[in-house]
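Please model the complete structure; the sequences and the hints are all you need to start from.
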Amino acid sequence: MGYSKDQLLARLKELQIEFSQYEHPIVLTVEAQAKYVGNTGGVLSKNLFLKDKKHRYYVVSALADTKVDLKVLSQRLGLGKGGLRMAPEEALGEILQVPLGCVTPFAVVNESARHVSLLLDQGFKTQKCCIFHPLSNDMSISLNAQGLDKFLESVGRNPSYIDLEANPPVGKDQPPDLAAFVPSDSPVLSDLPGKAPSSQDSTVKSVGAATNSAAAVTAKAVKPSGKAQNVKEKPVDSVRPPIPAADAGKFVEELLDRASALLLSEISEDSIKQHGGQLGDEVANNIKKGLREDLKNLATIFKNTAYTEGFYAGTRYQPKRL
Amino acid sequence: MEKTDDKNQQQEEEQVVNPWEVSAKDGGKIDYDKLIDKFGCQRLDQSFVDRVQRLTSRPPHVFLRRGVFFAHRDFNDILDAYERGEKFYLYTGRGPSSEALHLGHLIPFMFTKYLQDAFKVPLVIQLTDDEKCMWKNLSVEESQRLARENAKDIIACGFDISKTFIFSDFDYVGGAFYKNMVKVAKCVTYNKVVGIFGFTGEDHIGKVSFPPVQAVPSFPSSFPHLFSGKDNLRCLIPCAIDQDPYFRMTRDVAPRIGYHKPALIESLFFPALQGENGKMSASDPNSAIYVTDSAKDIKYKVNKHAFTGGQESIEKHRQYGANLEVDIPIKYLNFFLEDDAELEHIKKEYGAGRMLTGEVKKRLTEVLTELVERHRRARAAVTDEMVDAFMAVRPLPNMFD
Numbered sequence: 001m002g003y004s005k006d007q008l009l010a011r012l013k014e015l016q017i018e019f020s021q022y023e024h025p026i027v028l029t030v031e032a033q034a035k036y037v038g039n040t041g042g043v044l045s046k047n048l049f050l051k052d053k054k055h056r057y058y059v060v061s062a063l064a065d066t067k068v069d070l071k072v073l074s075q076r077l078g079l080g081k082g083g084l085r086m087a088p089e090e091a092l093g094e095i096l097q098v099p100l101g102c103v104t105p106f107a108v109v110n111e112s113a114r115h116v117s118l119l120l121d122q123g124f125k126t127q128k129c130c131i132f133h134p135l136s137n138d139m140s141i142s143l144n145a146q147g148l149d150k151f152l153e154s155v156g157r158n159p160s161y162i163d164l165e166a167n168p169p170v171g172k173d174q175p176p177d178l179a180a181f182v183p184s185d186s187p188v189l190s191d192l193p194g195k196a197p198s199s200q201d202s203t204v205k206s207v208g209a210a211t212n213s214a215a216a217v218t219a220k221a222v223k224p225s226g227k228a229q230n231v232k233e234k235p236v237d238s239v240r241p242p243i244p245a246a247d248a249g250k251f252v253e254e255l256l257d258r259a260s261a262l263l264l265s266e267i268s269e270d271s272i273k274q275h276g277g278q279l280g281d282e283v284a285n286n287i288k289k290g291l292r293e294d295l296k297n298l299a300t301i302f303k304n305t306a307y308t309e310g311f312y313a314g315t316r317y318q319p320k321r322l
Numbered sequence: 001m002e003k004t005d006d007k008n009q010q011q012e013e014e015q016v017v018n019p020w021e022v023s024a025k026d027g028g029k030i031d032y033d034k035l036i037d038k039f040g041c042q043r044l045d046q047s048f049v050d051r052v053q054r055l056t057s058r059p060p061h062v063f064l065r066r067g068v069f070f071a072h073r074d075f076n077d078i079l080d081a082y083e084r085g086e087k088f089y090l091y092t093g094r095g096p097s098s099e100a101l102h103l104g105h106l107i108p109f110m111f112t113k114y115l116q117d118a119f120k121v122p123l124v125i126q127l128t129d130d131e132k133c134m135w136k137n138l139s140v141e142e143s144q145r146l147a148r149e150n151a152k153d154i155i156a157c158g159f160d161i162s163k164t165f166i167f168s169d170f171d172y173v174g175g176a177f178y179k180n181m182v183k184v185a186k187c188v189t190y191n192k193v194v195g196i197f198g199f200t201g202e203d204h205i206g207k208v209s210f211p212p213v214q215a216v217p218s219f220p221s222s223f224p225h226l227f228s229g230k231d232n233l234r235c236l237i238p239c240a241i242d243q244d245p246y247f248r249m250t251r252d253v254a255p256r257i258g259y260h261k262p263a264l265i266e267s268l269f270f271p272a273l274q275g276e277n278g279k280m281s282a283s284d285p286n287s288a289i290y291v292t293d294s295a296k297d298i299k300y301k302v303n304k305h306a307f308t309g310g311q312e313s314i315e316k317h318r319q320y321g322a323n324l325e326v327d328i329p330i331k332y333l334n335f336f337l338e339d340d341a342e343l344e345h346i347k348k349e350y351g352a353g354r355m356l357t358g359e360v361k362k363r364l365t366e367v368l369t370e371l372v373e374r375h376r377r378a379r380a381a382v383t384d385e386m387v388d389a390f391m392a393v394r395p396l397p398n399m400f401d
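Going down the list, the protein sequences come from chains A and Y.
Taking the UniProt record's numbering, I'd label the letters of the first sequence as residues 1 to 322.
Taking the UniProt record's numbering, I'd label the letters of the second sequence as residues 1 to 401.
It should be emphasised that the hints constitute simulated quantities derived from the structure, not laboratory data.
Just to be clear, a hint being listed does not mean it is correct.
Calculated cross-link-like contacts (lysine-lysine; reagent style DSSO-like; alpha-carbon spacing at most 27 Å) [stated by the list, open to error]:
no.	chain 1	residue 1	chain 2	residue 2
1	A	53	A	81
2	Y	348	Y	29
3	Y	348	A	289
4	Y	362	A	13
5	A	46	A	67
6	Y	25	Y	38
7	Y	136	A	150
8	Y	207	A	289
9	Y	120	A	296
10	Y	192	Y	25
11	Y	163	A	250
12	A	289	Y	316
13	A	13	Y	207
14	Y	316	Y	299
15	A	288	Y	163
16	Y	163	Y	207
17	Y	361	A	289
18	Y	362	A	289
19	Y	304	A	303
20	A	296	A	273
21	A	296	Y	87
22	A	54	A	67
23	Y	347	A	303
24	A	296	Y	163
25	A	125	A	67
26	A	250	A	289
27	Y	207	Y	136
28	Y	347	A	289
29	Y	87	A	303
30	Y	120	A	288
Quick caveat: nothing in here was measured; it's all calculated off a predicted structure.
Written out as structure tokens, the structure reads:
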């Protein structure tokens, strides 16, 4: 069950976001929409729902006049030249849960749109008001970028604005500048770390605290090295892989990796000379001392993750039929 | 006998320490001896540290060794009871006023985790989203959202989910908890609460009636799903010393409603990067190291913003040595450098002028980067489902194991 227009409007009021609303007959294009709300002082937006070859989805929301070149965007995302195309109609209903002609940044309020990446035109920020559909084509709402931000933050999204018309070179030494916007369900870059388990459903009660998948998406993206323009996301240094989740194999590998790294660093020509036959004891002690806290922390994370999986399963278990 | 804090006496330029404001006299250093004297709590001396080591069979936490946690109330009672085989539970909390947590915020949580591991006791963590909603004028949703975000950083400190219950006031107040709140509220007159917290006629009634909310997690009957039948269970509260007023009030009330007084173990304030004149401020990004700072940010902040006690020139420095009293990198190392011997060495060499400020800063940057990096990796493993599990009202059957 997707969010309805009325639920969205109520939410905006709750968050004390200022907006104007205009009802009109159903419109399917920006031109048609312009006939009804073109003179209201706000700037119209065009909204694209896109998909890449690995079935990841993107909402691109821009000022109606901004030129959006899908080929350029595809390269900037690191998807190659023809990586982006318009998403099929069914995806609109399934993922964004809005009707045809109604793509809007507000659609990310839906649980099903958790992993959809949102790209916003920086042009919105300089406009007094921008016009979007509030999950339904028979109405348009007009609000400013701060209002949109407040809403997006309340559903756990980190709003970031980009220059959609820019065409920076992408090559060996210039990594794609928008790579961070690619949802991390399947990694784009080969050294992207795997993600921790996060189930589709959410047991959270309050809407305001709903899914932080967007945060998870941006947190897992690799910061492109050095020179390239980097859109400021939630900063994450992912040079090393993150702690493995409740996967016993991965957990043990991580422990062994750390132990052997420390072991190797302890054994050198100098240390052999210094300790001779006692080197074994010395190294053993140092390893224990050096790793104890680290490994305990890893183990606690593993335990907490396993407990959480069990807890989650427990909340959904069906009692035996008697 | 508890000394009460008489707000009327604070007219001269005294230092101000209460849950909402911390400032030293004349912009100088906080005088902790005066504070202990004024509040009426006790110094935590070396004998305590030794006793903790003996009872827990493990080296005492760096914060105990270095006097970061330096004051207490009735900690000896807790230890006496523990020696007799009577357990206790831990209670700490956070006011989620911002998403950005800095190292100063983590200190009570790092210490509490150590206490949980060392004594093998359960822990309740209160997120006072209602308090921030009222004092910082946040919306209810925003404060709830911040509470959940902060919960993730708290969980990343390494608490054991089978022994920890995290709750937000907006979610949990009610039932047995609320009954205790009313019991406490009945014992504190309006005048008293004004005297302790400095409320005025202009303050709204939400503020005036908040203190019981922070008081009642000290009583086990507030958590029937955890401690039912254990009305005698003692409570130990690790916190920064500015929270003392809440718990002075609580300790005053406790015997009147038939409960044990909670014990406290209190810490110094973590100094701001720019120097020792109060707490770190979440509104000035360069006054603190945040858990979201990159290695580059940390290096920049330590190099450019840390207040040092080094002399103006290398020659002068070699001659006179550094002023360790005001040097922030040394103070930070005091908090976070585990190796006692190394810290002593650095202090000696730096104080004598043989080691330069740059070296000390470099070591500090290493230590802080490792800390923040470890925290971030742990944070990345915290999912929304894990937060839900930590915050679920559920029994903790193994909480004393």
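Hints, verified against the model:
1. Straight-line distance between C-alpha atoms of residue 53 of chain A and residue 81 of chain A comes to about 12 Å, which keeps the hinted pair within the 27 Å bound.
2. Using a Cα cut-off of 27 Å, the hinted pair residue 348 of chain Y and residue 29 of chain Y holds, with the two alpha carbons roughly 23 Å apart.
3. Using a Cα cut-off of 27 Å, the hinted pair residue 348 of chain Y and residue 289 of chain A holds, with the two alpha carbons roughly 25 Å apart.
4. Of the supplied pair hints, the one linking residue 362 of chain Y and residue 13 of chain A is violated, its CA atoms being roughly 50 Å apart against a limit of 27 Å.
5. As the CA atoms of residue 46 of chain A and residue 67 of chain A are separated by approximately 10 Å, the hinted pair is consistent with the 27 Å bound.
6. Taking the CA atoms of residue 25 of chain Y and residue 38 of chain Y, the gap is about 14 Å. The hint holds against a cut of 27 Å.
7. For the given pair, residue 136 of chain Y sits about 17 Å from residue 150 of chain A by alpha-carbon distance, which is consistent with the 27 Å threshold.
8. For a cut-off of 27 Å, the pair hint linking residue 207 of chain Y to residue 289 of chain A is broken: about 48 Å separates their Cα positions.
9. A distance of roughly 14 Å separates the Cα atoms of residue 120 of chain Y and residue 296 of chain A; the hinted pair therefore holds under the 27 Å criterion.
10. In summary, the hint linking residue 192 of chain Y to residue 25 of chain Y is supported, as the alpha carbons are separated by about 25 Å, within the 27 Å threshold.
11. Taken as a hint, the residue 163 of chain Y and residue 250 of chain A pair is honoured in the structure, with Cα atoms around 25 Å apart against an allowance of 27 Å.
12. Restraint check: the Cα-Cα separation between residue 289 of chain A and residue 316 of chain Y comes to about 39 Å, which exceeds 27 Å; the hinted pair is violated.
13. For the proposed pair residue 13 of chain A and residue 207 of chain Y, the alpha carbon gap of about 26 Å is at most 27 Å, so the pair holds.
14. Between the alpha carbons of residue 316 of chain Y and residue 299 of chain Y the distance comes to roughly 25 Å, so the proposed pair stays at or under 27 Å and holds.
15. At most 27 Å may separate the alpha-carbon atoms for a hinted pair to count; residue 288 of chain A and residue 163 of chain Y meet this at roughly 26 Å.
16. For the proposed pair residue 163 of chain Y and residue 207 of chain Y, the alpha carbon gap of about 31 Å is over 27 Å, so the pair is violated.
17. In summary, the hint linking residue 361 of chain Y to residue 289 of chain A is supported, as the alpha carbons are separated by about 25 Å, within the 27 Å threshold.
18. Between the alpha carbons of residue 362 of chain Y and residue 289 of chain A the distance comes to roughly 23 Å, so the proposed pair stays at or under 27 Å and holds.
19. Only pairs whose Cα atoms come within 27 Å are accepted, and residue 304 of chain Y paired with residue 303 of chain A is rejected, the gap being roughly 40 Å.
20. Taken as a hint, the residue 296 of chain A and residue 273 of chain A pair is broken in the structure, with Cα atoms around 32 Å apart against an allowance of 27 Å.
21. Distance restraint check for residue 296 of chain A and residue 87 of chain Y: the Cα-Cα separation of roughly 23 Å lies within the 27 Å cut-off, and the hinted pair is therefore satisfied.
22. Only pairs whose Cα atoms come within 27 Å are accepted, and residue 54 of chain A paired with residue 67 of chain A is accepted, the gap being roughly 25 Å.
23. Distance check on the hinted pair: residue 347 of chain Y and residue 303 of chain A sit about 39 Å apart at the alpha-carbon level, beyond 27 Å; violated.
24. Among the hinted pairs, residue 296 of chain A with residue 163 of chain Y is consistent with the structure: their alpha-carbon atoms are about 16 Å apart, no more than 27 Å.
25. With a CA separation close to 17 Å, the supplied pair residue 125 of chain A and residue 67 of chain A stays within the 27 Å bound.
26. Note on residue 250 of chain A and residue 289 of chain A: the hinted pairing holds, with a Cα-Cα distance of about 23 Å set against a maximum of 27 Å.
27. For a cut-off of 27 Å, the pair hint linking residue 207 of chain Y to residue 136 of chain Y stands: about 11 Å separates their Cα positions.
28. Simply put, residue 347 of chain Y and residue 289 of chain A have alpha-carbon atoms about 23 Å apart, close enough for the 27 Å limit, and the pair holds.
29. For a cut-off of 27 Å, the pair hint linking residue 87 of chain Y to residue 303 of chain A stands: about 23 Å separates their Cα positions.
30. Of the pairs offered as hints, the one joining residue 120 of chain Y and residue 288 of chain A holds, with about 21 Å between alpha carbons and a cut-off of 27 Å not exceeded.
Of the numbered hints stated above, those contradicted by the structure are hints 4, 8, 12, 16, 19, 20 and 23, listed in ascending order.
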